[in-house]
Each structure stands twice: as structure tokens, then as C-alpha cells.
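Chains as they are written, first to last, in numbering that gives the first Met the number 0: chain W, 0 to 250; chain C, 0 to 250; chain F, 0 to 250; chain L, 0 to 250; chain H, 0 to 250; chain R, 0 to 250.
Calculated from the structure, these hints are not laboratory results.
Incorrect hints may have been included.
The list cannot tell twin chains apart, which means a pair is met if one copy fits it or any two copies do.
To be verified - 27 Å max Cα-Cα, derived DSS-like pairs, lysine-lysine: (1) Lys178 with Lys197; (2) Lys230 with Lys197; (3) Lys1 with Lys176; (4) Lys157 with Lys250; (5) Lys176 with Lys131; (6) Lys171 with Lys68; (7) Lys157 with Lys229; (8) Lys171 with Lys64.
6 protein chains.
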Amino acid sequence: MKLQYIIPGPMHKTSVGMEEVNRRLAKLQGWASAETEVTISTVSSGPASIESMYEEYLSVPGTAKNIIKAESEGHDATIVGCFGDPGLDGLREVSDKLVVGPAGASMGTAVTLGQKFSVVTVTDSIINGLEKLAWETGVYQKLQSVRAINLPVMEINKNHDLAVELLIKEGKKAIDKDKAEVLILGCMSMGFLDVADKMMEELGVPVINPSKVSLKFAEALVSSNLEHSKKGYMKPPKMENNKRIEDLFIK
Amino acid sequence: MKLQYIIPGPMHKTSVGMEEVNRRLAKLQGWASAETEVTISTVSSGPASIESMYEEYLSVPGTAKNIIKAESEGHDATIVGCFGDPGLDGLREVSDKLVVGPAGASMGTAVTLGQKFSVVTVTDSIINGLEKLAWETGVYQKLQSVRAINLPVMEINKNHDLAVELLIKEGKKAIDKDKAEVLILGCMSMGFLDVADKMMEELGVPVINPSKVSLKFAEALVSSNLEHSKKGYMKPPKMENNKRIEDLFIK
Amino acid sequence: MKLQYIIPGPMHKTSVGMEEVNRRLAKLQGWASAETEVTISTVSSGPASIESMYEEYLSVPGTAKNIIKAESEGHDATIVGCFGDPGLDGLREVSDKLVVGPAGASMGTAVTLGQKFSVVTVTDSIINGLEKLAWETGVYQKLQSVRAINLPVMEINKNHDLAVELLIKEGKKAIDKDKAEVLILGCMSMGFLDVADKMMEELGVPVINPSKVSLKFAEALVSSNLEHSKKGYMKPPKMENNKRIEDLFIK
Amino acid sequence: MKLQYIIPGPMHKTSVGMEEVNRRLAKLQGWASAETEVTISTVSSGPASIESMYEEYLSVPGTAKNIIKAESEGHDATIVGCFGDPGLDGLREVSDKLVVGPAGASMGTAVTLGQKFSVVTVTDSIINGLEKLAWETGVYQKLQSVRAINLPVMEINKNHDLAVELLIKEGKKAIDKDKAEVLILGCMSMGFLDVADKMMEELGVPVINPSKVSLKFAEALVSSNLEHSKKGYMKPPKMENNKRIEDLFIK
Amino acid sequence: MKLQYIIPGPMHKTSVGMEEVNRRLAKLQGWASAETEVTISTVSSGPASIESMYEEYLSVPGTAKNIIKAESEGHDATIVGCFGDPGLDGLREVSDKLVVGPAGASMGTAVTLGQKFSVVTVTDSIINGLEKLAWETGVYQKLQSVRAINLPVMEINKNHDLAVELLIKEGKKAIDKDKAEVLILGCMSMGFLDVADKMMEELGVPVINPSKVSLKFAEALVSSNLEHSKKGYMKPPKMENNKRIEDLFIK
Amino acid sequence: MKLQYIIPGPMHKTSVGMEEVNRRLAKLQGWASAETEVTISTVSSGPASIESMYEEYLSVPGTAKNIIKAESEGHDATIVGCFGDPGLDGLREVSDKLVVGPAGASMGTAVTLGQKFSVVTVTDSIINGLEKLAWETGVYQKLQSVRAINLPVMEINKNHDLAVELLIKEGKKAIDKDKAEVLILGCMSMGFLDVADKMMEELGVPVINPSKVSLKFAEALVSSNLEHSKKGYMKPPKMENNKRIEDLFIK
């Protein structure tokens, strides 16, 4: 099985650079089953990180390009490497293979582990967006709260200790005040911090690492021969008759 | 009051061309109050028309550019001229003035006129997207159905009679089978067809023309001194400290 | 366009008297578009003010009488001047023209401006009633809370400063504790206090003045050629065959 | 125990007259437990029957008067004898003793007997009203449908056979098409037709007679020492300090 | 009428013994109408008390046995004497007569007395289970909270004063913080403490005693000729053709 | 990783016998990853198959016994091999390791693949039970329908061709009439029929095989270091202080 993990922004051009990209690939490959080959790609132009809905939308065309390339190279599925699942419905319309969103995978998992879950994410600016995602995923009924540590994504990548401390603090509030029984880390950068196990130990509830879970979820789907529904995410009418994605955009 | 109506695609480069753009402006100005000045703009590069979520996302960056330009020219509000309200939350994050989405305005109106409403739209490919919009607008409870006439947008612009015939047919089904008491035309091109009054006469229920209603709704909001909530659509953290929208995108 | 604003009680017989009635008319006419003529009427017998569901019901027959008179005098729409929208469904059944309820208009507007709204109203005794209204309007999903300042309506009319102070205090709680992004003033007397703009400045979120917004909303509907659905609010069977409203009541 | 059943209209002045009033009292007394005394009253002025929300509102002041009189005469509870529970929240505000609404009692019972229920009522004109009642009663989740036989109330009282035939026909549709497992007769006149047992036999599901069930429900509540919550239905502020209900209405 | 109250565990073998069983029977008979004969039975093998879902499941086979015996002895209905309504749907499948669950009866009653209710129960370990019951009963919409006094069932039976004190304390929180207007005692042992009236006096809201209310509810249903829907709780296919319940279990 | 698949009934004593048990084990081992060891067990006494809620409850004590044995033998997780997830919450309370329910796993997966799903199951008698499961799993919002082929479980095991034919027929109705975009096979015996791929080909939507997906889901959870929440499924209070599960049951 061959999976692509797409970072939906030009991380390679940011201060954390290719080093961080490669660190993430190593993590992913380490989590993968023996029979899985993981590749990673970044989007050539796009948002440095995603902390708003507007940045989500900016990331979509570049991600689509990478998905189509990955498919042509024989990948079985791609993972959109941002917890906002930016543009997931649109990306699924234009793809021919499974596209996995980490929030969807994490929430679909969380609801099977407890009656109530919360998400702990980066900044207040994306709380409404994540609540919308819970509805889109169909699990809004069990979402107790989305809480933010209010530390920007780039800061998380640089200051791990502070991030971990704040995550445990907000996670505790989600459990005590909001009655969460399961927590989800609401940001992919959090997923590469090795913080979930530490939080589970401190807090006594399952903590879902979206980076790892979306990979394992993708493996489970591919090996179950499952893809997203083409009836639920229809090919854009203008792409029928073998038109290409480029034909949707008039320059 | 000065309002901009943005067509979120390069309609001027399509077969219907500037003539259709200007026809729409004339309609809008005709609907407006005496004290309102309406301007129209098209996005320079983008989707020819919007019949999928992917095309919605493609339209966002161009629309944002036009909104910011309109604000700098003293507009009080802009209307995103596609019934999918493409990227509305993101556009509201980056704008300083009111941004109106036609679906939001139409649905917010429909719920005050009856207990149950339906939307009649273009193609099956956007039904899921419009259901999501009803949830985002907060009125999902009253949405009975979204029905499609399955005629592409460009076809509607060319074959008015067929469009009207199909709209009446699907509208009737929405009333008889889905118990709709109010109908919404789910496409801005439908809004410029002069079909709503005809449908009301034939079907005996209110039929909301989103093109007209979003204009009147924008006028009502501006004259009530109301804008969208900056607490609900927060400025992207990276735009604080007077950073510009261009700073969100790394080329 | 000719609009009637009906005060659903004999305010002219209370201590605030015709002076307050006329002050409200002046406000309304001031808010109206140039092409709109506003008239005002009070119900001859009824509740002094409305702070309970029972008083709502008491107001309905008198309001119906005024609506029918207004229609016979050529009004295009009437606004029921109480935020409880008292008897709105019944009034719409017996009317031939648009009847607007301020809560419906305000809530239909609020949901288009943010993801979550709260209402700040007069007394605890009508909180359940307003929650029911949010459901009837179809927007219960977005209602975060109804909070009361617990100052009776007549007191609000006499002690503006205290009312404003309490409104800001409860509004702040709605934002901080209940996560409201938009506020609605849940009482028409509050709407004539000129408090909304002050609250917006202090609190940083849109504050909907129901008195003003219901007027602008009515103008928008009438100029869009929209009325409430006669399929949703059916003529009482006993009024078919040109029977009159009086025939519904056996003395 | 002493219970009053109030017919919220001047049935004694209609063509069915006191004979029907007395027939209903006999039925009620026959259904009651040995220790229960049932009285009946009609409202002196009001709607002949109730087939619209407007007629519901017309019935409220007269019903309130009868409730207060019944309380002064030592009744333990009153039943509002219309399935629309007209003005129930308002009536509960002004009463000192339990007030039972038949729809509430029937729906509260229905949900304990099956997972899905439907109501079969008189005319299409009150379907929206009954759906609202299901929400107010808190059981909207299990309501599958409200179906109407479209026979006016007075006709039901005169043409029993036709009513029974139509009830079985619509009841069958509710079971087969809407998946109802329990049916409720949505009109008090239906409750005095002796039709429920016949329908149960024909249709094989529980059929709730609201006239009988609201009586038995009232008995169960009174003997359990339960009344409606005065915190949920607060005394109108103007009635504090021993003010009377008459003080709410300015003539 | 003949009703059986089944204690779904071998209480007679616990420290409170047959004395408590008989005390409960006396209470029940005291609450019953003159025409009702109440019998009581305990399950021969099963959980000592029920404070978890697992213990609920353990109680089901024994309860089923008692139900079938009671039916053969001419009982009109049985009450499952645990507030968790353990196995209610399954028990209804295999029974030929009405089976009443106390939580269902109490919740079906609570929603008719106020707009919002809470349950005060024994231990945190069954809160999720009771929330599920509210959904099954169809009244989840009005459930404000389930609060636990965290005193085990056997302790409640021994230390009445402490139980009452804790119930009043948690009940007050449910009213003040969760806005409950009606309370339900969420445990049958609480129902035999004579605490409901005391709580009503202290707290000013209706407090439902499930032990008493399920009895009165059963009486009301039987005298209304109502049973649970055999369409909603179908006979297990393997029991068709007069197969017996024993045939479902292979030893 | 070591996983146990428990058949919650004595299949080895039925007509399909150990041969079918072993066939299922071979299937499961074939689906598993290279690093996974699968074991299978049957419950010694219990229901022959599960087609009712009552049979679900009968299966719980035996399943619990097998789970505890499996844990003592070093299994990392167990799968309850019935699509009703019988007793899942109770089983999770008494277990120390992950317990997976196939319905939960299948539904948690389905919601990530499309906006709307349906379940096709064996008999009408368990439709209500499966709807409850969708709510417990938190995904009720996306459940379009549960449809039954009305072929008993034992028949499915014997007459594969008929089962497949009926599954395709009902699946098609779920897609066409109920708008399902994803289907789930609602019975574990269906999962061992090799029918999912055939249905996908015929119907053009993802079809979830619960037998395979629950295995892959369990693998994904175990390799992600995730278990069900012990805060959501609390240890029964009587099992604290190292009491054993046997102590919950008084013989």
C-alpha cells in the first residue's frame, strides 16, 4: 500500500523547513504497517500554516494538484495534513482515489471510544470551523467543546514544552467542565509532538493523535477496499467526459 | 449607501460575456432603493460557473481581492454573487465591512415566512453543499429538501424557458411531497431570470429570488448599522498588527 | 409602501401615554426609507405590557382587529410591536397581507451575522416563551441563551440609564459565558432606547434592535414582493367562503 | 379528587348543544376512578370549535376564567378540553392548581409505549400547530407525522361512521408509510367517539384516546401530589402582590 | 386490576432482606387505587443492586422469567423495579402484557410538567446510561442534566438522612445551574424514602418519585386499555409459532 | 498484536457448527495484518443467533466471561461478533482492554466516507435497536434508514445466493429512496458472505463489511495505543477494590 501525506502549505519555505518535513515523514513511516510505503509532499505555494478559514481555502488548489500527481504515481490514498480537513469535499470531488481528512478520521474514531469528546486546538479563530467539521462528519451530537490553547501553529513547532503544558491544562478543563471522555488534538503539528501518550497518562482518558490516527485509519480503509463515496462527492459536471481539473479554472 | 455585487468567476470571459454582467447590474440597480448605488465586479481568474465544492474553493481568493478593493473604494457592503456562499466565513475574516451571502440571506428570510422550506437548485452535485449551508446558517431544522433541476448553470443562462419549466416542476414536488411552504431558488443565475413571480403565481407559495433578496437584505443590514460579527469570524492571527491579506500566502 | 406598526396593548391608556406612542412613530418614520409611510396604532383593550405568555394571548384579538383595519386601509404589511411575536401564527391565518414578528425578523437576521446568538430580555418569566420562538423561527440551533435583566417593561420606559447598564452587563455575560457572537434586544421598549449602538461599541459584537430591524426587514420583504406562506398559515376553515373573522367567535 | 374538564368554547350554544356536553361528562365520569368527581364547564363566549391557531387564542381568556372559578370551588386540577392545548403555558401561569393539556398527556404517554408515534387529526390547518406542540412537550424526536382526515370538528360530531372510516385509513398510512408504532387521536371530539378500541383492533397498535388518557393522567398526577412547575410557568410579574388576573387586562 | 412490581435482583438475599421487600410492597399497595391489587417479586439470582450497565444486563433473564410467571397468574401489567429500565425493550418483546419502565414513566410525566428537567441519581457510573434512556424515551430535548449524589444504592437504603441531604443539595444545583424546572429521583430506592415531598417543599419544583409514579402510570395505562406497541417491540422471530422464551437460549 | 473475535452465542452447537466457526476464523486471519494474531471463541451457552433485543441481553454474561479470559491470555482487544454490539457499554465497564463493537466501528467509518448512510440488516425486529445504536455511536444525524431483508440469520448462513440478491435489492432502495451514499451490512453473518465487493460493483457506493472493518478498526486502535474511555464506561462501583466480576451476581 502506498499513502501520500500532503502538507497543505509550503512548509519547506518556512523557518522550520525541510528538516521538519522530513522529521514528519520519518514519524509517519515509523507508525505505518510493514506493508505500507508513506510519501510526503508540500504544496508549492500556499499558507505558511492554517489558523483561519481563509487560509484553509488558500490551501485547496495546491493540495488538489498534489493529490492528482500522487494518484498518477500509484498512491492508494492521500491524507490532507491539516486538522481542518481543508476543502475535503472539494478534493474528494476531483480525486479518483481515497482522500482522508484527519479531523474526520479522528472524530469517527473518537465516537467509538466514549460517549462525549472534546477537541483541543490552537487558536480561538478556528473553533467555529472545527464545530462545523464535527457536523460535517456527522458526530456533532457527541462534541462537548472545542478549546484552544491560543498558541500559534509555528509557536507549537518551536516551543514544545509550553505546548504540552497548555494542552494538558485545557484538556483537563474539557474533562472536568465539559465532561469529555475522549480528547482529540486539533492540529497536525500537535500530532508530531509525541504528546498524546503523555496526556493519556496525566489525564486518564484516550487522547487521539490525528497524525497517527489518520494514517492508521487510511491503512484500515485501503485494506478494507473502501473509498469515499462518489455519490456523496460527485465529480464536478464540467469534469465529465474526461475533462481535466485545469478546465475548471479560467485564467 | 454603496454596495458591490461580486460575480465570483470571470463571467466576462465566458460566452455570455460582459453583456450578461451588465444586464445583471441593471437588474440589481433597478431593485435597489433610491439611496443605494450598486456596482458589479467579476473575478479576473476563477471558475466559469460554480457547480461543485471544488469550484467554490477556486473562487475564494479572487473574491477576497475584489472585496478588499471594494472596501478601499468606500463600499458599505459586498454581496458574494453565488448561492453557495463560497468561502463566506473566510471572506468575512479578511474583510472590514459587511459581506453578505445570498444563501444565508435567503434562508434567514425563508424561515420567517413559513414553517418549512425547500431549495430548488441546478445540479445534484451541490445538494450536499447546500444542506451544509443550511446548517451553517442555523436553519437546518426547517429545510425539507434540496431538489435539483439538473440543468447546468450555463444552460440556464441560455435556455430560460426550459429552466422555468423545470423549476416549476421541481418546486411543485417540493410542495407536494416534501411539504415545503416556502421555496428558494438555489442559484444566482435563476435569480436573474424573472421567474420567482411566475412561480409564486403557479405554485401559491412564496418563492425567494436570492439575487433580489440578498440585495434588499444587505440594504436592510447596512441601514440598521449591522455587520457580521468579528467575534464569529475572527481576523486571521497572521493579519494582526496590520499585516495584509497577501501576507497569508507564500508563493 | 405603507406599513403599520401595531402596539399590541392600550399603551395610550398607560402612564407613558400617547406621548410615548408618538415618540415611537417618529423613531420608526425616521428609520424608514424615503418611499415608506409608517403608521402606528394601539390596541384599544388589552395588556398594559407583555411579560408573560398569558398577556401575549390577551393581546391577540385586538391585534387582529387592527391588522384587518390596516389592510382595508391599504397597508402593505403590519409589524406586531411586541418581541414575543404574540399570536403570530394565528394573526397570519386571518390576514391577507404580510404580518411581521420582530423576534422572527431579528432572529432570521442574527443567524446570518454569526454562528451563535443570545437574546437579552426583560424578565425571567418569558425566557421559556422566547426559546419556543427560536424553535418556531427555525433557528434554535444557534441560540446560546436567553438572559433577562429582570426589569419590568414599564420600568425600562421610565429608567433608561438603569436599563442600559443592565443590558450591557447581561450582554457581556452572554458573550463571555454563553459564547454569543451576536446579541438581540428581546423587547420592543428596549428597541426605542437608542441602546444598540452603545452596546455594540462597548461589547464589540452586532446588537440587533428589533424595532428597527423589523421595520427594515418588512421593507425588504415588501419590496421583494414576499408575504408569509398561506400554505404554512392556512386560512381557518370557518373563514372560507368569504366568512369574516367575527364569525369565528360566538358571543 | 375533584377534576374539571373545560370545553374551551361555547359548545352549549352550538347545534350539538348541552346534550353533547352532558354526554361527554357522562363518558368522563364513567372513565374516572371511583374516588374521582368530574365536573364539566363550557366557556361562555369563544370559538365554536378549534381548527386554527387563531381560534386557539380566542379560547384562552374564557378558559382562564373557568380555571380560576374551578380552583375557587375546590377542584384539584382542570383539563383543557381541546387537543391543541390552547394557551396551556399561559393558563398554567395564572392558575394555582394543576392544568393538564390533552396533547401533552397523550404525547407523554405515547413515547413510553413505542419508539415512533403519529397523530391523526382533523384538518391540515392545524398540522403545524401540533408539530409545535410535540416540540413544546419535548417529544418531537419520536413524532413521525401528523396526518389529517380533513373533516371539520362539527362534522365529526355528526357523522361518526365517516370519521371512523377516515381515521382508520389515515392511521394505516401513518403505520405503513411513516413507521408509526403508536397513534394518537388528535382531537377531543374523536376521543368521545369510542373509536380508539376499534382502531386498535383493526390496526394492531396502541391508539391513544386523548379524552380518556388526559383524565387518567390527571388522576395519576393528582394522586402523586404533582403539579406543573411554577418555575417553568411563572406567575406574571403583574400578578405578584396578590394582584388578580383581571388586573392584566386594561379595558 | 392486578399489577406486579418486580425487583430485578435477589434483594431478599441481601442485608436488607425480605423486610425491605415487604416494606416496599406495603408502600406500593398504599399508593395504589382501591381497585388495584399489587404483588411484588424478586429475581432469584442476579445483581444485589444496579449501579452499572453490566448489572442491568445481568438482571434481564431473571426479570423475564418473573414477567412470564406474572402474566400466567393473571397480572395486567408489570413494573420493572429499577430506574434504569433494564432490558425494557427486550422484556417487552417477550411479554404479552404491558411492561412499564420507571424511567420511561417518570420522564414521560416530567415533560408534561415543565420545559426542562433533571435527574438526580446514585452514582456517576450510570449517568451515560440514563442519558441514553432519555433518548430512548424520546425526551432528550428537555433533559438538562443527570447529577449523581455518589452514594451507593445499599448505602441509601441504610442511611436515609444522608441520602436526603445529598439529594436536596444536588437537586438545588440542577435547578440553579442547569435550569431544571422539574426533578426526577433516578433510583427506585430513593422512591421508597418518602423524600420527594420534602424536596418539593424545600426546592419549590415538582419532584417525581419513580416508584409511585410508575405505579400510577401503570394504573392509568391499564385502565385506558393501553399496552406497549407490539410493532415497536416485536416478538423475537424464533418465538413465532408458539415457541417459548426458553427456546431462545441454548445451554 | 493479538485479537479475539467472540461469537456471542454457542454457534458450535448449532447446525452450522464448528466448521462455520473455523471458516470465520480463517477469513479473519486472512484479513488481518501480518503482525496480527486472531483467535476466535464462542459463548458456551446463549442465543443461537441474535434477532431481537432480548437475545442481545442473553448473550452478555457469556461474552463477558470470554473477554475476561481473553484478557488473561494476553489479548490486546476483543471484537464482539454481533452487529448489535450487544451489551457493549456493560462489557467495556468490566474489561481492562479495548472492546470493539462492529456497529460502532462500521458507523464510525461510514460517516467519514459520505454525508448519508444506511444499514441493511436481517429482520424488522431489530431496526429500532440499530437506530438506537446509531444514536449511541453519535452518528444518528447521518443515518438515512435501516432496511431489513427479512431473512433470518440462520437462513443467511445457508442460502447465500438469496441473501446476496435481497441485499442488493434493499441496498438499491436505500440509495434511490433514502439517499444513502454509503451502505453498511448490518449483520456479521453477512460480513462473512463475500458480498460487499459484489454490492459495491453493482451499486456504485462504498459497502462496509462489518466483520472485516471491525477487525481493521481494532488493529488501527491497538496500534494507535487507544482504548475505550474508562471515564465513559466506568468500572462498576462493586468491582472497585479488586472485586471480581463474579461478585456482581448473587446466585
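Checked hints:
Only within a single protomer do Lys178 and Lys197 lie at most 27 Å apart by alpha-carbon distance; the minimum there is 20 Å, versus 30 Å between protomers. For the homomeric pair Lys230 and Lys197, the shortest alpha-carbon distance between copies (17 Å) is at most 27 Å, but the shortest distance inside one copy (41 Å) is not. Taking the closest pair of Cα atoms, Lys1 and Lys176 never come within 27 Å of each other, the shortest separation being 42 Å inside a single copy and 37 Å across copies. Taking identical chains as interchangeable, the C-alpha atoms of Lys157 and Lys250 lie at most 27 Å apart only when they sit on different chains, with a minimum of 23 Å there against 39 Å within one chain.
Proximity of Lys176 and Lys131 under a CA criterion of 27 Å is satisfied in both settings, with 22 Å inside one chain copy and 20 Å between copies. Taking CA atoms no more than 27 Å apart as the test, Lys171 paired with Lys68 passes in neither setting, with 42 Å inside one copy and 34 Å between copies. Within a single copy, Lys157 and Lys229 get their C-alpha atoms no closer than 40 Å, and across copies no closer than 29 Å, so neither meets the 27 Å cut-off. In the homo-oligomer, the alpha carbons of Lys171 and Lys64 never lie at most 27 Å apart, since the shortest distance is 40 Å inside one protomer and 34 Å across protomers.
Hints 3, 6, 7, 8, counting from the list given before, are not met by this structure.
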